[in-house]
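Q: Which chain is which? The protein sequence lines are A and B, in order. Here the UniProt record's numbering is used: the first residue of the first sequence is 1, the next is one more, and so on. Here the UniProt record's numbering is used: the first residue of the second sequence is 1, the next is one more, and so on.
Relax, there's no trap hidden among the hints.
Have a look at the derived ranges for each label pair, beta carbon to beta carbon:
| no. | chain 1 | residue 1 | chain 2 | residue 2 | range |
| --- | --- | --- | --- | --- | --- |
| 1 | A | I1096 | B | T111 | 42 to 48 Å |
| 2 | B | K209 | A | V336 | 46 to 52 Å |
| 3 | A | Q342 | B | C347 | 43 to 49 Å |
| 4 | A | R93 | B | P246 | 55 to 61 Å |
Footprint (simulated), chain A over chain B, 3 or more residues, beta carbon under 8 Å:
| no. | stretch |
| --- | --- |
| 5 | 43-49 |
| 6 | 126-138 |
| 7 | 160-171 |
| 8 | 277-287 |
| 9 | 321-334 |
In case anyone wonders, no lab produced these hints; they're calculated from the structure. Beta carbons are placed, not taken as given, at the ideal position from N, Cα and C, and that holds for glycine.
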Amino acid sequence: MYIFTQRPGPSLIATVTTDVSCSNIHTHTPRPHCDWCAGEEYWVDSRTVYIGHKEPPPAAEAYIPQRYPDNRIVSSKYTLWNFIPKNLFEQFRRIANFYFLLIFLVQLIIDTPTSPVTSGLPLFFVITVTAIKQGYEDWLRHKADCSINECPVDMVQQGTVVRTQSSKLRVGDVVMVREDETFPCDLILLSSSRGDGTCYVTTTSLDGESSHKTYYAVPDTMAFKTEQEVDSLHATIECEQPQPDLYKFVGRINIYKEREDPIARPLGAENLLLRGATLKNTGHIYAVAIYTGMDTKMALNYQSKSQKRSAVEKSMNAFLIVYLCILISKAVINTVLKYAWQWSADRDEPWYNHRTEIDRERHVVIRAFTDFLAFMVLFNYIIPVSMYVTVEMQKFLGSYFIAWDKDMYDEELGVGAQVNTSDLNEELGQVEYVFTDKTGTLTENNMEFIECCVDGHVYIPHAICNGQILSAASSIDMIDSSPGGYRRHEDLFFRALCLCHTVQAKEEETVDSIKRGIHLGKPTSFYISSSPDEVALVEGMKRLGYTYLRLKDSHMEILNKDDEIERFELLHVLNFDSVRRRMSVIVKSSSGNTHSYKQHLIHIIMDRNSEIQMYTIKPRADTSIFPRVVSGKVEQVRARVEQNAVEGLRTLCVAYRSLSPAEYEEACHQLSDAKLALKDREQRLAQAYDLIERDFTLLGATAVEDRLQEKAADTIESLQKAGMKVWVLTGDKMETAAATCYASKLFRRSTQILELTKKRTEEQSLHDVLFDLSRTVLRQRSLSGLSVECQDYGLIIDGATLSAVLKPSPESSGSGNYREIFLEICRNCSAVLCCRMAPLQKAQIVKLIKASKEHPITLAIGDGANDVSMILEAHVGIGIMGKEGRQAARNSDYAIPKFKHLKKMLLVHGHFYYIRIAELVQYFFYKNVCFIFPQFLYQFFCGFSQQPLYDTAYLTLYNISFTSLPILLYSLIEKHISIEMLKRDPTLFEPIILFLDVAKNALLRWPVFLYWTCLGLFNACIFFFGAYFLFDNTTFTSNGQMFGNWTFGTLVFTVLVFTVTLKLALDTHHWTWINHFVIWGSLLFYVIFSLLWGGIIWPFLNYQRMYYVFMQMLSSGPAWLGIILLIAISLLPDVVKKVLCRTLWPTATERAQVGRTELCTDPYDMGLCIIMLKHEVMAADECHNNGPQDLVTVSLCIQIAIDKMQLCSLSVAYACLYHSPTATIGHSVYNVDIRKSLTHMTPYLGLISEDFSSMPVAIEVEHLPTEVG
Amino acid sequence: MMASSYNAKEEDRHQPGATGHVGSGTMTNKMPDNTAFKQQRLPAWQPILTAGTVLPAFFVIGLLFIPIGVGLFVTSNNIKEFEIDYTGVDMSSPCYSCSQSYSWNNTKSCTCSVPFSLDQPFESNVFMYYGLSNFYQNHRRYVKSRDDSQLNGDKTSLQSPSKECEPYRSSDKPIAPCGAIANSLFNDTLELYYIDPNGSRTAIPLVKKGIAWWTDKHVKFRNPSGNNNLTVVFQGTSKPVNWRKPVFELDPSDSDNNGFINEDFIVWMRTAALPTFRKLYRIIQKKPNNMTPTLPRGEYILEVTYNYPVRSFDGRKRMILSAISWMGGKNPFLGIAYITVGSVCFCLGLVLLSIHYRYGKRNSADISS
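Bound-form chain B, shown alone:
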């Protein structure tokens, strides 16, 4: 009795006394249970990685990966992609003057036209991206500088945005949408014209719906409720510093695409993973008659309303036209990687086979001699 009370004291810091209970438990217990678990005799599958067992796996992987890789590679190669840099770094570039004369205070927007030609037609839907380089959308200070509850239509957050938005939280009035991300919304306007062989320009219809994630547009981003008139809703807030127009005028033509649920805005708000990134800008839909390609071969003009300064941080702006397959855009990496891994596995399989053969034989040779 006394002794047991002292047993508890023989604990140590790591394993206080509790193991003592193990002991005292068995002391009073009869025979330990003869269960498979307690006796560590649970039936088990005991796989062992030997050359023999791994061989088939290697061949299977090799034989699976190489076709997949070839498929991916071919698909990727068939995807047409066109990219044009319109930053205007060169003197010769049509946007050079715009990029030089840029200042935030300009009220008049600068426009420039960049001509380009497509050697091959784009057959199906064409996705139009803008791309930025050297733009650190993944900088920590930048990434967290947003208020998700404000963007979700929360009224209190609208009036007092989260502290994370500093220093883009309020000017004299609270800013909506607050934060560095919203403040730096990409505001170039890109328009595409097809130059007919006869010299006339045809504007290519750009669809601006469906560029943001459905869930973002319908759930995550919401205008503050209560009034259909966004002007009223956003009363008492001010526009982000760098914006030319308030949030409720982002797309006055379409009330479903205005305010926080403007798709361009939503796309921008999804911060990119790497400093060189592209974002979906517009979709050029396939012609319904299906006879002519979406973008036929020929001359085009990209009309840029040049608002977005990137020269200060050595950035680049690009416009990308890309077709999309089932596996996304043009990306030879995946295909090449699959082919490589597949072949490596296959070769390893062969090596292992020879090893297995040699060492397996040696054993019986020893005995038979």
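Pulled out of the complex, with its shape left as it was, chain A reads as follows:
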């Protein structure tokens, strides 16, 4: 089959092996042989493993020993000797670090105005701290690696068990693993202590699924019970080279027996035990190592994710480039001016200031270049090292607040929010599109069996009350009264559900997983499955009288209604997959029952000498089952299924088929053929399944309810109100998904639904449908300019249509054509539902939106492995720590316990972090313009000689200590608006306007940046020229003594530090004691430092230029007056701008701020609206203090408020209530559409409906302003 020629020689491989072991995992590729086998395509795919390193018999292939990496795990990046060079290299690969290094080197080499210490010290600090941190982390990794590599392993050698270290394990070694031990590498199961050759495994640490999975041994080897027997095995395994996919494995075992042809058996994922998984409920197993060390699937799976960058970071980089340009142009301008100015020798070298000989001899070009560099160095502080440090600190420390948030803590799971990447904190506040999974994210994925329908008869097992089943009389009646013919179907149906699943029954006491059992009066067993639907079904069956007991020796045991045990031999399981969307089992019923009725049933089957095959479509039944059905009451069942789906239930159809021995033989043959195949196994299996799964008799359908998660609707509504578009992407079928969307308020009753589904495109061409829809949507938009109320649209699209839309169209209209129209439609829809999505399609959608021309920020949230691709694709990926394992949570940037926590995450944390980091970035640039521009101006007064204005200490410490802490703290704890305001119920206020204030990176756009930069330039001019005029040819002191250039610089610097800090103080809206401490503290620190720095002759300095400069300055009255004056002038324009903007063109944020504090103090002056606002705010505060903030409490508080306003019309109060952010500032109450506001008040109608209904419409109108418009 495969030709193995030209295998690499051992020596060559040996070099590769060492390379692998010392390279880190990121760069490691599992294909070490490719270089030698360019022409040998087969060979790349597979490897041959000799079990126990035994040569195959000569008749078989030639034995060529192969070398594979040993089982050492290397996750550390550095070793002791390469740490320093490698780490430095890594660090200086960052542009910023490299830039600072360059500046530092320039300072070392040429004669520059500032000492190398000024830039070397901060750089050294940053580099050292990072290196220590990374070193520590690497040390931790080394430790972890060591403990794993030295973990003892039992190996079978020459028929005895030898204990060795995990890292010594080699491919082909036979290993014995005991219960509760973790597999040391990827193993093929040979035999287990359980007689049937199975073992149970949990893969919690791999994919988070806590259920026990069953793995099988090849029948030919499962009999080996002792080491000697295992050792006698003579076999080779051919398998593919390691692939990262955890659930796929293709291989073949060839067993050589004496004087017999080798037996070949297929190996699949069910034979492969993965490293990292743990053996459970099985005494011990023997297995052979096939992938070791860095080849294991686990190692291949933990490659680092691609780096996500936030929009803020991108704008920061753009600003940096602008500043770099400014820096370079400043240096060039100064250099040119310098040479123009000193054209005459008297200026260049007046008699009092000669150059040195060496300097004089230099070529003028070199001198000019040196001058240029010197200017660069002088002005380089405009791009501060500390900005990077501060931004990183802000992100790192800031993410703790997310993890600490108790509102995002879930009692039930015992976890809080988890931050995997702190780089994206601010991106959370920028999200425009939210893509959410349905099952497990919007819904609880906590299935409850609701009903089943057999041939159109509905059974409802009634709710469990106090641990007892209360069967509904009606369903029992139905069963009793039904005719015998359908009774047979009923029995078949129940048996089918009991048989067709992968549920395991567990004894209560042995269960260590989080899955809940069914708490009957007598807790005997527990069901565990990877699919909650199955558990729900089996439990439902139990309530209807059929109890699944266990799987024992390939026989499934069922306790039937009459407390008799029925046994069915399980022949084949045709596993569920997402393409087929169904699962089947082939079982053979066995005799042994005595009950006549049962005999009858079995007799029928036995008569045909057949196996009964159950067939279910899992987990979501849809029309795809019906073509495969040949008999049964299709119409009734279909009607019921559709009705259930509309109600938002998950439906499942059950069908069966009897197989004759011949048919079974054929099926068996096809299956085993397909399973044996090394190539295209998937495809061949699918074909085989397809052949078997046909000609069914439909039995009935089930309905399982998946309840909406707590507050899912509220959360979605808040997100929509905040201007985000929420898309639901689900694999579920349209009806169920749409029902969930209605339940979660994604679609409202008023929403007009646009369908873009396969059903519709079958009737009309895709082209026409798309144009139709876009016309509808666009017409609405052109109208909406006039009307206040605009129609919302909701779009439903299914996977098939989506792929048709995305497929480049063959017509001449251009490939991107449909895509554009589709995007246009989507843009105008408030909600989009995508159903029938494959996991990859989810990612495709996200990618599509990401790449659309507005480049919106996207967020994907999901809980299961099928959401991972979407989570990785979106700008921000959020994982729900749900029941479907932790795979999504692990791959996400943030993980939260419940969907409802998304609201706080985005609306509060995201918003805060965006505001904070935006201010941080802008402020940093601003303060450095303020800092450096005076130096630039000073050059015009010092003959362009690169004389620094400030002392070295000031240059060094400005960004490090005088002005760093206030902004860092600001960026950590600033709250421009209260949490309640942000989180408040969206039906009361429209937070959308709050979020529009920051949408699309609004605070970091060029106009804002320009404003800050201009403010910086203005301030710098004030500092410099203010000091200039103060110093201009006059005396400053009352004793007539004169000040020098350092006093001048110190004066400018003092004004600078104070202005910059006070500017931040003016921007701070949330003054906690920490803010006070840090802001006033850092000013105080500056003063104390300056006093100290100038107070002593520092012995280690070779200059004493600052000696007493600061104190002399402070001893002069005019200096004080000047400092105060300059600070006042510098801050004045910003204050005026703020006040004017706030008064004349207030943003929503500012209105909300005012509403919170000011207007509430004087409600009667401002009218009703403010009274309402005040009460609402009080309500919110009160609710916060009292515990969970729910609608009822808030509305109760409002009720009280309404009661107090006896003189007011309720309706006006409502109108204002809804519209108060606008009303407070008094833009007008005219805009308030009373009808609209009332619809928005719906949540409260329940509480106050009486008052409301008694209020005649006439009164509403009466209290409106009479002249509207």
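Following the hints, complete the assembly by docking chain B onto the known chain A.
A: Okay, now just chain B, sitting in the frame of chain A:
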């Protein structure tokens, strides 16, 4: 276990793994602490800059600044200052010949007398400055060309001055004081004579103490210790190139004002911030009897020993007589600036008041209609 070891690998360059600890921390922790800090609920003062809140501040600033400004302006205007340029650029200027004939090699000093008259008497202490223009004392090469440890009396620095002093570091012997600043010490001598109405000249006593910062004279600048005889101390050093006499002969009459601690020298060593600057030269102290002004109205003669060349770089030399108030010398800038800022604030306050009034009213008008 295995998984956690790999978690560390999922780090990225910016935020290596450490945030992972945040997560894993919360995973094992119970409920997050319900502290005000961790829940971001620290009690806070939430000031908001609205027209209403800023208004008073503006008026207060206006009302504070305008009087201060007026005070400053008046004070500044009352300060008498007299300035005379004695560079000798004009042919008519008495120092013209001196400025023309100047050369460093002249051993004989050139003197010239500049007559001037004061229209108003100076009442209190008068401070006499010399001023230079177009002299870049703040040039980088110049500013750093000094050795502070030498000036602080360090013996080793005396013998081997800092490299920064190049090219004024050593002639054949190390130069003390080294560097361009010291080398270019201002060496004109200015003397002031009052011409009595009867024509006789009275020399006005010029005090040369107290012109340098106290800390400079007593701490920062120090003669090398060991011997009271400065000649001995400075042995083995040579004078700066442009100096006529060595450092220990700067003021032979007063040992407290000789060598490095000569006040004229210290004043010069404090480099000026701008290319046009003045430096304190002498103080004319108020007469003790308090009856006659320090410098009465009348005719004066400024006797200049013209040593210092400035023509080569287009410089100017001035002599300034100035009285000093509590706020220093004559400087109308501060007063004018205060008045301006104060009035601007006041006007802004009025504007804001009208805005506040208009927009504040509109709101309630809307409702009441």
